[in-house]
Amino acid sequence: MTIELNFTILFASVIAGAVPIVLAALGETITEKAGLINLSLDGSILLSAMTAFVVAFETDSLVMGFVSGAAAGAMVAAVVAVFSIYLGQSQVAVGFVLTLMTRDLAYFMGNSYSRLQGPQVWPLPIPLLKDIPFLGPVFFNHNLPVYLSLLLIAFCWWYIYRTPRGLELRAVGEHPGAAYARGISPQKVQLFYAVCGGLLVGLAGAAFSLSVKPGWGRPQGAEGTGWIALAIVIFGGWHPIKVALGAYFFSFLQVLGIYLQGWFPSVPAQVFQVAPFPLMIFTLLLMGLVQKDSVLRRVENKPWMKSVIKIFSGTAPSSLGRPYKPD
Amino acid sequence: MEFSSNNLKIFFRHICEIIMAIIAVFFFTTLILRLAGAPPFEAYYHIFKGSLGSWNKFAHVINAWIPLTLCACGLLYTFRIGLWNIGVEGQMMMGAVFTTYILRTGVESDMPIFFLSLSFVAGIIGGGIWAMIAGFLKTKGGVNEIFAGLGMNFVAQGIILWLIFGPWKRPGIASMSGTELFPSKLWLSYLSAIRLSPAGLFLALTALLMTALILRYARIGLNLKAIGSNPDAAYLFGLKPGRWMLLAMIFAGGFAGLAGSIQVTGVYHRLLPAISSNYGYLALLVVMLANYNVWIAPAVAFFFACLNVGSIQLPMMLQLDSSLSGVIQGTLVLATLGIHAWRSSRQLPLTPDQ
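Protein sequences appear in the order of chains H and F.
Using the numbering used here, the first residue of the first sequence is number 1, and each one after it goes up by one.
Using the numbering used here, the first residue of the second sequence is number 328, and each one after it goes up by one.
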């Protein structure tokens, strides 16, 4: 049995399926650019997916669903930020505990809403643009969250690299001491961008339960996405556009998994679902290796290797994970 | 130690903190239960009765305590050197896989004791190898151990699913319920009244004692701590952090692998997708709540095991999801971290008088 590969449908489903990963990875990029790691992504995506579905179900309003999902994500992020910035606790520890806790909380609170038919985001093709051959169906025949995710990629890049506020954000992530000397409060800035990032993570969860994998259940289907998003931020070298490309790449792998499943029906579906993870390790390994001096020296006079390396290089904000304490 | 008024104050402050954490968690979970439309006290009662209500239930608690304690022991080594061995879950799974492999070859043999012992060794090696891969990725490849470990967890899960649905599928139809049950000669002997295997308990207690001794008295423990607290200074002192990290990882993986072995030989008698039951991740919380202390960890593990086993009653009795235990455990760790932070922000030294 063969399933025919239709590239238009393939790319369109990649763009649509990537929405939660793109949103979550962008949110985490903003947070990490400001120097804070929010490790709780995997759980907070589930919690916001549950919140969004339950609220949308009860109020029958998709807008309320998305708003409450975003609020849930922001709340979890705020807990990580406050524990780290103001209480001096390990970000990784708090983030990890919250990953497990929010996931269980989501399963617990969402239990009575399992397998219910709830509201769903409806498609909203953009007139005229959708008729462009190939590009039309791929980019302009989706729903609002998809357009929002596409716009946000550009907006994040513009905000971080082209606005004074973005400069402030990067300054806090790179050198909070210097930012402090310039009259910026690193703590407030970090808290603010942690919450902003959390809002996006929450939207990612809402996009899951209201659009990509509509409904709620245990398992919901969003499990693991948060970890992939966290890895993609590293993979994308903390640059929003590269991060988004990474997200589309992983979405492509997931879609490919569905096709592969059709080609090899004897292999259980779960095996294809874990496929992105070895690849994640492999790309992280490549990124780790290209930062080693011994490897850099070996490729010194091979220009093509250098350009390959340039793709995989990206440096973390200098004070990532180290909260700043003003004297 | 002199029993001065200062020490007494410290003792009471500790007690106060613990009480405060428990009160905070109690209010939070009661609120959650109310929101979910469930009677809170009935839920607590069912958790208690489901874990300590009978000897049979108690045996279930111990069966959960054993892998939790083993994983916690392993994690103490990696935490001491400053590594976040999140891959403990996958290490446990690979221990179970290696054990199952040995037991499968021993099904036809008439030397069950030999194959059982060999399967434990295999489990330890399996977990150790899985941890070593993550360790090499960290020390040689520069991959953060959290992502390396996590990725390896998902890979291990994939391997288990592939084995259950592929090469090791039970005759007839492969299903999520796992591989075929092993013949009872390959089961770890257990007390028939309460289905608890003394051998597993013995192994966990030995691991605990061994870890306490190594970390407290052996040179390894000192070196791990030295590198964990200041890698640069340790390096100048002639300790190679990379090697010691690998060693700590192998220890952790070995203990986790042993936990996986016991899950197969002593509890489930087959390989199933949920063989690790999330005990690896939970052990990370155990160690954090125990404040990385080898003697507090088993007590915390026991409490967590009670919660896990007791909450199984919730879906049956109150139509609630059993994940309430996870909510309680997570909030407890968070509350303790918060109170600890509040304590240190008041900047009163809490070390007892010497």
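Derived from the structure by calculation, the hints contain no laboratory data.
Worth double-checking, as some hints may not be accurate.
Residues from chain H that face chain F, not an exhaustive set, calculated with beta carbons under 8 Å [stated by the list, open to error]:
hint: 1; residue: GLY88
hint: 2; residue: ASN111
hint: 3; residue: ALA231
hint: 4; residue: VAL271
Once the Cα atoms are required to be at most 27 Å apart in a straight line, the calculated DSSO-like pairs of lysine-lysine come out as [to be verified]:
hint: 5; chain 1: H; residue 1: LYS292; chain 2: F; residue 2: LYS467
hint: 6; chain 1: H; residue 1: LYS292; chain 2: F; residue 2: LYS567
hint: 7; chain 1: H; residue 1: LYS302; chain 2: F; residue 2: LYS376
hint: 8; chain 1: F; residue 1: LYS467; chain 2: H; residue 2: LYS242
hint: 9; chain 1: F; residue 1: LYS552; chain 2: H; residue 2: LYS325
A quick note: this is a predicted structure, and the numbers were derived from the prediction, not measured.
Built from N, CA and C at the ideal position, the CB exists for glycine as well.
Outcome of the hint check:
1. GLY88: holds (6 Å)
2. ASN111: holds (4 Å)
3. ALA231: Since chain F brings a Cβ to about 5 Å from ALA231/H, closer than 8 Å, the hint holds.
4. VAL271: OK, holds: VAL271/H within 8 Å of chain F, min 5 Å.
5. LYS292/H <-> LYS467/F: holds (10 Å)
6. LYS292/H <-> LYS567/F: holds (18 Å)
7. LYS302/H <-> LYS376/F: violated (69 Å)
8. LYS467/F <-> LYS242/H: holds (25 Å)
9. LYS552/F <-> LYS325/H: holds (26 Å)
Comparing the model with each numbered hint stated earlier shows that hint 7 is the single one that does not hold.
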